[in-house]
Structure formats: C-alpha cells, structure tokens
Amino acid sequence: IKPDSIKTHMIFRDSEIARKFEDQGDMIWLPLFEIKKGGEKYGAYLPSIVTDSEEERVIDRLREIKRLGISRVMCNNLGHVAPCLKEGFSVSGGWGLNLYNASSLKVIKEMGASEATVSFENTILQIRHMKKPLPVNVIVYGKLPLMTTENCIAKNAGKCTDITGETYNLTDIKNNNFPVLCEYPHRNIILNGIPLYMLDRKNEFLSCGISAFTLLFTTESEGEISEIIRAYKTGMPPVTPFTRGAYRKN
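In this note's numbering, the protein residues as written are 145 to 394.
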C-alpha cells in the first residue's frame with residue numbers, strides 16, 4: 145500500500161476546534177451530542193454506554209444529526225450497531241469494540257459495519273497477518289481510554305460543572321497524570337496521560353492492509369493539535385513523553 149492511498153481520520157471532542165482542522169483530514173469524528181453542523185466528511189461517535197432510560201434521547205439525537213446531513217456513525221458498543229443501521233446510518237466499528245482478530249472483524253461486518261478500527265492492543269505483526277473482510281483503521285496517535293466510570297469523579301471531588309466535554313485530572317501516588325473526560329450524560333472516561341505515538345513509525349503499517357490512520361484528539365490545545373498534525377505529515381519523532389503501546393511488543 146502506498147502512503148498516499150491511506151486516508152486520515154481525526155477524532156475530536158470539540159466541534160469548533162474540529163472545524164479549524166477539517167481540511168487536514170478525510171474524515172472528522174465528533175461526539176454524538178457535540179455535532180452542530182453537517183458535512184460530507186463528518187461523522188458522530190456514540191458514547192460507549194447507553195442505558196435503556198437513555199436510549200430514546202440517543203435515538204432522537206441520531207435523527208437530529210441525520211437531518212443535518214450526517215450519514216456515518218461510529219459505534220463503540222455492539223448493542224448500538226443495529227439501532228444505528230435501522231436509522232439509516234453507515235456504521236464504523238470503533239476502538240471500544242476491541243476488534244482483536246479476523247473473527248471479530250468478520251462478526252462486525254456481518255452485523256452491517258462498513259469499516260472498523262482494529263484494537264490498539266494488537267501488535268503490528270498481528271495486524272499484518274490478520275484477515276480483513278472490511279476496511280480497517282489504526283490509531284497512530286492519542287491518549288488512549290483506560291476505563292469509563294459510572295459515577296462522576298469531578299462531582300465527588302466537588303468540581304463538576306455538569307458540562308459534557310469538560311476535562312479534569314487525576315494524579316496517582318507517583319505523580320502520574322490521568323485526564324478525566326466528562327461523557328454523556330454524566331459518566332467519566334479516564335485516559336492514559338502519556339499518548340500513543342506512532343507518527344514517526346507509520347511506514348511500519350504499510351504492509352498491514354490498512355485503509356486509514358486515525359488521530360485521537362482529547363485534551364490537546366489547538367497549538368498542540370497543529371504540531372501533532374505536522375508531525376503526522378513529516379514523520380517527526382516525539383519530543384515529549386510517549387508510548388508505542390502494544391504495537392511494538394514482540
């Protein structure tokens with residue numbers, strides 16, 4: 145596969161920031177409740193957890209963005225695939241599905257997905273040897289999610305603003321920082337504070353049959369996003385703490 149044949153997907157948390165960088169990617173993903181305008185290259189990703197009491201509001205929101213011209217959604221829960229297809233969306237299997245092997249890719253395709261993100265728990269070698277019954281993407285940059293909490297951490301600390309999209313921080317006894325994102329409707333996503341960084345090693349994926357590279361932006365400022373995109377284009381090595389994740393494990 146030639147480098148210029150691989151598409152660039154970008155995942156953002158904020159729609160205003162996404163608009164400023166939309167010309168840098170082939171596909172822009174935003175949270176379901178953050179999308180404000182439509183566009184051919186825009187898609188929505190659903191929260192990984194939707195309870196029965198929340199489902200009606202999520203379906204209503206899906207219909208709202210459909211009227212905006214959004215036709216693609218990313219699902220991070222198998223239970224969300226069928227409802228999204230029923231509403232007429234093209235479905236992308238997200239990182240939250242932990243699509244680790246050919247069998248899981250086969251299942252998500254049979255469920256109706258048109259593309260999928262392979263698990264970042266795979267090694268590059270495993271991805272290379274994996275049979276791919278549908279187009280697959282890999283995350284090459286991002287602060288990866290560690291867990292989703294049902295209870296609001298910020299609220300327990302007396303800091304909650306009740307605004308989806310807000311960011312807080314946890315610090316462990318070793319002074320390691322873990323960003324905390326506020327998720328719809330009032331859950332938290334805890335991230336690894338050290339980002340996965342493969343921007344200087346993208347060529348290692350060229351023999352893996354990959355359709356798109358994904359950049360996952362969460363807590364980065366506009367200036368940091370600009371630098372990351374520049375590094376993505378030039379293959380610049382990291383200048384801040386980073387991890388290769390499982391990709392480089394033997």
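Note that these hints are calculated values from the structure, not bench results. All C-beta atoms in this analysis are idealised placements derived from N, C-alpha and C, irrespective of residue type, glycine included. It is possible that some hints are incorrect.
List of simulated lysine-lysine pairs, DSS-like, C-alpha gap at most 30 Å [stated by the list, open to error]:
id	residue 1	residue 2
1	276	299
2	393	275
3	253	275
4	346	250
5	275	299
Label-pair restraints from in silico Cβ distances [what the hints assert, rightly or not]:
id	residue 1	residue 2	range
6	205	318	37 to 43 Å
7	205	387	21 to 27 Å
8	164	378	41 to 47 Å
9	379	250	31 to 37 Å
10	378	199	29 to 35 Å
11	230	390	32 to 38 Å
12	300	392	34 to 40 Å
13	231	151	30 to 36 Å
14	232	379	19 to 25 Å
Status of each hint after checking the structure:
Only pairs whose Cα atoms come within 30 Å are accepted, and residue 276 paired with residue 299 is rejected, the gap being roughly 43 Å. For the hint linking residue 393 to residue 275, the alpha-carbon distance of about 20 Å falls within 30 Å, and the restraint holds. Under the criterion of a C-alpha separation no larger than 30 Å, the hint pairing residue 253 with residue 275 is consistent with the structure, at around 12 Å. A distance of roughly 25 Å separates the Cα atoms of residue 346 and residue 250; the hinted pair therefore holds under the 30 Å criterion.
A distance of roughly 45 Å separates the Cα atoms of residue 275 and residue 299; the hinted pair therefore is violated under the 30 Å criterion. Our hint of 37 to 43 Å for residue 205 and residue 318 holds, since their Cβ atoms are close to 40 Å apart. For residue 205 and residue 387, the Cβ-Cβ distance of about 34 Å falls outside the hinted range of 21 to 27 Å, so the restraint is violated. Remark: the range hint 41 to 47 Å for residue 164 to residue 378 is contradicted by a beta-carbon distance near 20 Å.
At roughly 33 Å, the beta-carbon separation of residue 379 and residue 250 lies within the given 31 to 37 Å, and the hint holds. In this structure the supplied range 29 to 35 Å is violated for residue 378 paired with residue 199, their Cβ-Cβ distance being about 44 Å. For the pair residue 230 and residue 390, the beta carbons lie near 34 Å from each other, so the given range of 32 to 38 Å is met. Distance hint for residue 300 and residue 392: a CB-CB separation of about 37 Å, consistent with the stated range 34 to 40 Å.
At about 25 Å, the beta-carbon gap between residue 231 and residue 151 misses the expected band of 30 to 36 Å. As the Cβ distance of residue 232 to residue 379 is approximately 39 Å, the hint placing it in 19 to 25 Å is violated.
Going through the hint list in order, the structure does not satisfy hints 1, 5, 7, 8, 10, 13 and 14.
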